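Next come the chains, spelled out residue by residue.
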Amino acid sequence: MEKILVGLKRVVDYNVRVRVKNDGSGIETDGVKMSINPFDEIALEEALRIKERGEASEVIVISVGPSEAQQQLRTGLAMGADRAILVESATPVDPLSVARIFKTIIDRDGIDLVLLGKQAIDNDNSQTAQMLAAIWGRPQATFASQIDMQGDKARVTREVDVGLEVIEIDLPAVISVDLRLNEPRYVKLPDIMKAKKKPLDQVALDEFDIESAPAIKELTFEPPAERERGVMVNDVAGLVAALKDKGLA
Amino acid sequence: MSKVLVVAEHDGSVLNPSVAKVVACAASIDSAEIEVVVLASNVGAIAQEAAQLEHVSRVLTIERPENDYAIAAVLAPQIVAMCSDYTHVFGPSSTYGKDVMPQVAALLGVNQVSDIMAVIDSHTFKRPVYAGSGLATVETPADSIVIGTVRIASYSSVAEGNSASIESVDVAVELPTHTRFIELKSGASDRPDLQTSAKVVAGGRALGSEDNFELIYKLADKLGAAVGASRAAVDAGYVPNEVQVGQTGKIIAPDLYIAIGISGAIQHLTGIKDAGTIVAINKDEEAPIFEVADIGLVADLFNAVPELTEALD
Ligand SMILES: Cc1cc2nc3c(=O)[nH]c(=O)nc-3n(C[C@H](O)[C@H](O)[C@H](O)COP(=O)(O)OP(=O)(O)OC[C@H]3O[C@@H](n4cnc5c(N)ncnc54)[C@H](O)[C@@H]3O)c2cc1C
Ligand SMILES: Nc1ncnc2c1ncn2[C@@H]1O[C@H](COP(=O)(O)O)[C@@H](O)[C@H]1O
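Residue numbers (my numbering), protein chains in the order written: chain V, 1 to 249; chain E, 1001 to 1313.
Same shape as in the complex, but just chain E (with noise of 0.2 Å):
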């Protein structure tokens, strides 16, 4: 039977998105049994949270201060010092699991797999390749402990409204302190998150400037919609890292994606894939993200968006 750690990603107080669908994922392994751990400065309320996701059977604490920023390092012997009851410890496969799980996997002697998008069996899984031009189906070996962050994107959130028992584990491990938090600089805003949001509108280099971004904001306003955008608009300094799509930036399925001023590179749509509806505003009819657009229209941005701003009320 299978035991699956699932390493909770937070921000410090509140659980992320992230760990409803890496439940779901081990969920979808045969008769598994799921727990949480939780490695915080405070676990109380993230705790809370994770015991209410269905399918967990009990959330497991870690509480010390050196757990106040996600420091790899710090984070991954704690968790290899707790894991040698189960056969499996899933992550995120986003900047806070591809950051740690790797260190998790090495300590351990094994090798990772990233990326899981489907579960065969217990050893068997889907994963992309080369920014998603190919999906390998990949075993990891029957007799050591399977190590992996999972493609966030592929699975749905499990419910809430189960109650886990939470329980505080103490790990004697000495932790470095040769790494060092010193600031986070986000670009939050009042926006939908681009990661969950069911609407995305997003803008590529055809915006020219970050004033011209606007149009973009507008849209998404009326529409209710997180903002995203092409590689290209964030290395021109249009819109902030953090708003990326594509192989290096975010990989989202909302149920519509708006593409406008964006070509359609591979690397972009990898990020896209799993979208409902891609709609695409673009003046070139050859853009190559006509291909993948379920509606295609082919128009000058600077004319079409406000038009399309002003249609929408």
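The following block holds chain V by itself, in its conformation from the complex (with noise of 0.2 Å):
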């Protein structure tokens, strides 16, 4: 196998607690971390696995977003993808004009495997790799957990309601990453360095020949329900008394 493709969401710090704007317009980002979608630096971590044992030769990130989205990709090379691409976009991109961009770069430039998160934590949307998949007419392994890169198959075993499923995909495929597929390293300074020199395209969205993809509307945002802190027990039978008083025990 040549070339991975993994995608980098350039997305709000895991650790924010983010917040509804008091107008209801969106949600608050001024000031606030912004970090690579935690999933999409499970699926570079593997990606770069895959590469250091002799099974891939080349590995590219990917961003759709905002000029800062720079940021992600040069972590992305720190950590050790060989070039960057980065799809200029200053308004958010939806999931299946996204989805279009990732196949005119597989055309452009012949990709065996695309490794994406299984869902961006801002959007909670859990559809690009489904979509890339379906368009490109190539196997989807969702929400995967292992990865066993066998030649030009892979056997993926994938996190499901019920349990874990093990299914057998043929390349090119879009795999997406669960959480549990591996531990991303940390970067070094050495590596950031050294990620200054590698490539990093930029290119504009509209330079892209896509067919433009009606959008879902957001229209507002609120807060959601806030739950009341109840009231403490001091000790079991109190614990017992509570449940027993809502019928719960």
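No lab work stands behind these hints: they were computed from the structure. Being a predicted model, the structure only gives us computed values, none of them experimental. Heads up, the beta-carbon is just placed ideally off N, CA and C, and yes, glycines get one too. Treat the hints loosely; a few may be bogus.
[Stated by the list, open to error] Using 25 Å as the maximum straight-line C-alpha spacing, the simulated BS3-like pairs for lysine-lysine come out as follows: (1) E/K1283 with V/K246; (2) V/K217 with E/K1283; (3) V/K21 with E/K1126; (4) E/K1283 with V/K244; (5) E/K1273 with V/K246; (6) E/K1273 with V/K244; (7) V/K33 with V/K21.
[To be verified] Some but not every residue of chain E turned toward chain V, in silico, with C-beta under 7 Å: (8) V1080; (9) D1099; (10) P1102; (11) G1296.
Using the supplied hints, reconstruct the complex from the two chains, each of which is provided in its own coordinate frame.
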């Protein structure tokens, strides 16, 4: 296998407690720490391990997003990716259009394996990988917790609601990764220096000749109904009494 | 008028309880006509079950050997081939629905509304974003088909007792063989199902070992409850992946949820927001779980849990 493409989305760091803006127009992102979508870091780690085992020769990271997404791509390069592509768009791009952009890159660069996160933790859509597989007409393995490359095939263990499902897919293919696949490496300072010299291609979104998909409009945002802090009991007897009180024991 | 096609999740022989909830969501669209499609290698019993669901006017079946296992690349083109009459196609926001529905959307050239938790009107929905830290009201384009997955925990099952007609349909599409099912490893237990049980007892990292999880099982058995866990407990190998509760695990809405030795990270809490009563047992009084718990007990679980199990006799 030659080339692996990994999607890196720039999202609000998972440790940030996000808030809905007071006017309901969106989520407060000013001055908030941004990071690589955690699932995408796992996707990249897996791609790097596959390459390090000699089962692939190039790892390409791609992000569709604002110019600041360069930071996440640089982190990806520091982790070990060979080159990066930034498809620049100041406004968010819908999943089907992202899938179509990836498809264009696949056709242009000849990609054998696409590794994406199982979901982006901002919109929690969980659809880009599946959409890409559908329009590409290639296999998908979603929610992967183990990937064994076997030449022109891969055996993938998927975390599904009833347990673990093992499937075999022919390459090229799309895999979306789950949290238990691996533990991403930390980047070291010398790698960050080295990453500055690696190629990062910047392309404007409108240079892509893709059919624009009708986006789903986000009209308003509201905070979820808050749960009230309840009562504290002093001991197990108090707990049992409280449960009985509610008819739960 | 809206005409909704519901894609029926099943395990090859039994209809999944998610279907009755997806139908409930579809039924909340004004004057919607609802039909269910069952894709299986043996549709008989599954279709029978679907036909009993209230609000369903017709069950369509596609019986093909290729539909023996749910493979998205096999199911999606069949659904696409038969959905031109519909204004909406809905599936559950389970791993089954999440796997196949976006493929249907992409093949139809539209985006998907993921995790519908409320219907405002036929093209306007509410859905959670940022692990439920925000609820977005979204609008799909007026002139295109709506493809959506339904957040199961937001809906109560429709009643049974209906007897909709069952019709088989032929779709002449060629199906790929590039994806092959090998095996399913399931920690199938006799315990109540996590997603539908009225009571859930969940353990976290604090349990410390697979053996210690026995404490959770004993309490759960006493209560007739299902067992859940935090991601940390699953990662550490104390319990299998299918019992994880949260953003990347299961989103549940039991009447009673008892969180034991779980700190209450936002990704965990997003899985239990709709629980009736949340009970937390944690030795750290500052643990965030207490901010959402209806009943909190600051205690060492290794003392409190056996005592509680005992006291519930
Ligand atoms: C993208 C992403 C998705 C995630 N998805 C999920 C998800 O779906 N579900 C999920 O659960 N997590 C998820 N997480 C992980 C989440 O952030 C937390 O790390 C995890 O929930 C912590 O699990 P825990 O509460 O068991 O462990 P900890 O946070 O370590 O908490 C252990 C708790 O036990 C208490 N304790 C220790 N000893 C005792 C004792 N003897 N008696 C009583 N209490 C004791 C401690 O005070 C502490 O509060 C996700 C994280 C990311 C980044
Ligand atoms: N704008 C983007 N840039 C790079 N990768 C993306 C982008 N959007 C989605 N992806 C990839 O697709 C996965 C699933 O995203 P989503 O379907 O939005 O939940 C993410 O984890 C990424 O790997």
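Here is how each hint holds up against the structure:
1. E/K1283 with V/K246: holds (24 Å)
2. V/K217 with E/K1283: violated (45 Å)
3. V/K21 with E/K1126: Since the Cα atoms of V/K21 and E/K1126 sit roughly 17 Å apart, the hinted pair holds (cutoff 25 Å).
4. E/K1283 with V/K244: holds (23 Å)
5. E/K1273 with V/K246: The hint holds at about 18 Å.
6. E/K1273 with V/K244: Status holds; Cα separation ~22 Å.
7. V/K33 with V/K21: Holds, at roughly 16 Å.
8. V1080: Violated: closest Cβ of chain V sits about 9 Å from E/V1080, beyond 7 Å.
9. D1099: Since chain V brings a Cβ to about 5 Å from E/D1099, closer than 7 Å, the hint holds.
10. P1102: Holds. Min distance 4 Å.
11. G1296: With a minimum Cβ separation of about 5 Å from chain V (threshold 7 Å), the hint on E/G1296 holds.
Comparing the model with each numbered hint stated earlier shows that hints 2 and 8 do not hold.
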